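Taking the hints into account, I'd like the entire structure generated from these sequences.
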Amino acid sequence: MRKTRISFFLVMASLVLAPLAAAAQQTGAPPKVKDKAQIKGRAFGSPLARGLYSRASTAEVDPLAKPGAPAAVEAAVSAQAAPAQEAKPAPALTRDVNTRLSTAEADPQAKPGAPAAVPPAAKKPAAKKAEVKRTEPIVPAYSGIKEKTAVFVFYVWLWFAIAVMIYFLRLWIKEADRVYWAKYYEPEESPRKDNPLAPVLGD
Amino acid sequence: MKIDMKKFAAWFDDRLALTPIFKYMTKKEVPQHEHSFWYYTGSSILLFFFIQIVTGMMLAFYYKPTLEGATDSIGRIMTELPLGWLVRSIHSWSATFMIAFVMIHLLAIWFTKSYRKPREATWMTGMMLLVVSMVFGFTGYLLPWDDLSLSATKVGTNIPMAIPVVGKWVTQLLRGGDDVTGDTLTRFYMFHVCILPLVIFAILIVHILLVQKEGMSVPLKDEIAKKKVPALPFWPNFVLREVVIWFVLLGVLLTIAVLFAPSLEPTADLMAPAPEGVKPEWYFLFLFQTLKIFPANMGPVTGEFVAVMLILIAVVAIFFLPFLDNKPEGKKGKVFQYFGVAGVIYAIAFSIWSLL
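Top line first, the protein sequences correspond to chains Z and V.
Just add 23 to wherever you are in the first sequence, counting from 1, and you've got our numbering.
Just add 15 to wherever you are in the second sequence, counting from 1, and you've got our numbering.
Worth flagging that the hints you see were computed from the coordinates, not collected in a lab.
Because the structure is a prediction, the values reported are computed rather than measured.
By construction, the Cβ of each residue, glycine as well, lies at the ideal position given by its N, Cα and C atoms.
Keep in mind that a hint or two might mislead.
Stated by the list, open to error - Now the in silico label distances, taken between C-beta atoms and shown as ranges: (1) Z:206 x V:335: 42 to 52 Å; (2) Z:198 x V:69: 30 to 40 Å; (3) Z:180 x V:65: 16 to 26 Å; (4) V:327 x Z:206: 51 to 61 Å.
Said to hold, decoys possible - List of simulated lysine to any residue pairs, SDA-like, C-alpha gap at most 20 Å: (5) V:169 x V:198; (6) Z:206 x V:245; (7) V:43 x Z:204; (8) Z:206 x V:46; (9) V:169 x V:290; (10) V:38 x Z:203; (11) V:307 x V:292.
To be verified - Calculated Cβ distances over 12 Å to all of chain V for the following chain Z residues: (12) 167; (13) 168; (14) 169.
As structure tokens, this is what we get:
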């Protein structure tokens, strides 16, 4: 019996771990790409890093050129930078370390995303580039040490919150058990005796 | 203006007749014994199911089930929407957890022989829930419409072809035509968000009502010895213990969802050849490997036909297990116990083999 129980536990544990390992293998390994710099960009906007980076709206430039679409960002930046250099040498869209399109340098007074911030010459080529088909996978990744730290801070907070809640729940459970074993509410003999679902389900 | 909460509650109680339900909940008891831990797997499934519904609805607001829009809409969810990547990741991982817990729950019932009389119908509805959950996973796998999901769906929807007479019709019904196309995507989306939720809700309600009607099982040896097993009230003692497990599971789910967020492959090309290393989701791996080891032809029939028939027979046998193992306390009962262990080892071994 003991052996059966041990083997039962072993197979159950393997059943839990095997799919997790398999799924982790499928999701955890990022696909190979030629240029690793392309996937280092922010692939998702983490709420934990809200306000850590300057955000810029690229809505007027290219619907694909958003954080997380690195290939599209590259294409949009190069497409916009080239005509902008021809027309006007100095202010153009730049790319910061977080792979974000920043319009701050184009016009310090203009708000991010304002149409005026985008050089007029850059609009047409960008619209053409919007049709470019994405060939690289979108891989979620940290954009930098700040975001990585923020995520780990979140983990600590999450598990700390869970630990605190479990501590209070434990106290509640102890009290509920004490009240029950002390027969404070004096339960009746059979829980099924007065079954309110009996008319529906039968007894 | 002061609101009288007692009157408010009395109004609700009068209209909805809640008192008998609450009374029942307070009187319901849960047996306490060495296998009581497995009772918690049932409520954990409900937790993951609830997470699936909530995150699924959030994703459905932005997902477009069309050839042109499917991948891009998921790309938009992942890159533009606040926390979109996390919602998608939680939805994906929660599905994995849910199916894993359904399997654990069924195996726990198998090994403790809780399916014995009078709980045969509870077991059968549980088996139905497992099958529907797996179909949920299968239909959801295609929705990103990338190369891998397209190829896996082609393989998956081709399997019923091996069934004589109705096989072709089933495949066409699944695909919405002879091949996997945009119609298949729309069809799978409808299955995933409309038909399957209705089916699973219906089965789930019957399953939960049956659990309430028959109560929770006690260990077989205690039943044979007619030993009175100590019990704990469902509310609040058992529910509070369940909440502790839910918190831990939520923490684990969130941690994994953030650490291993799924990526999004490029849009599938219908004309492109299947990529190398096409694999289904983890819970189909052992079936996939089983199909692979059979030769192309086995005498007058195809190997695929033999494999599909064997799998179908196994599923039907497991479905009617309570009637096959009608004497769980005897030698026959032990044989079914060994069958269970062998089945689990087979599934794990073949899944690992498929990954190698």
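- Message: For a quick check of understanding: which of the numbered hints are violated here, in increasing order?
- Response: none
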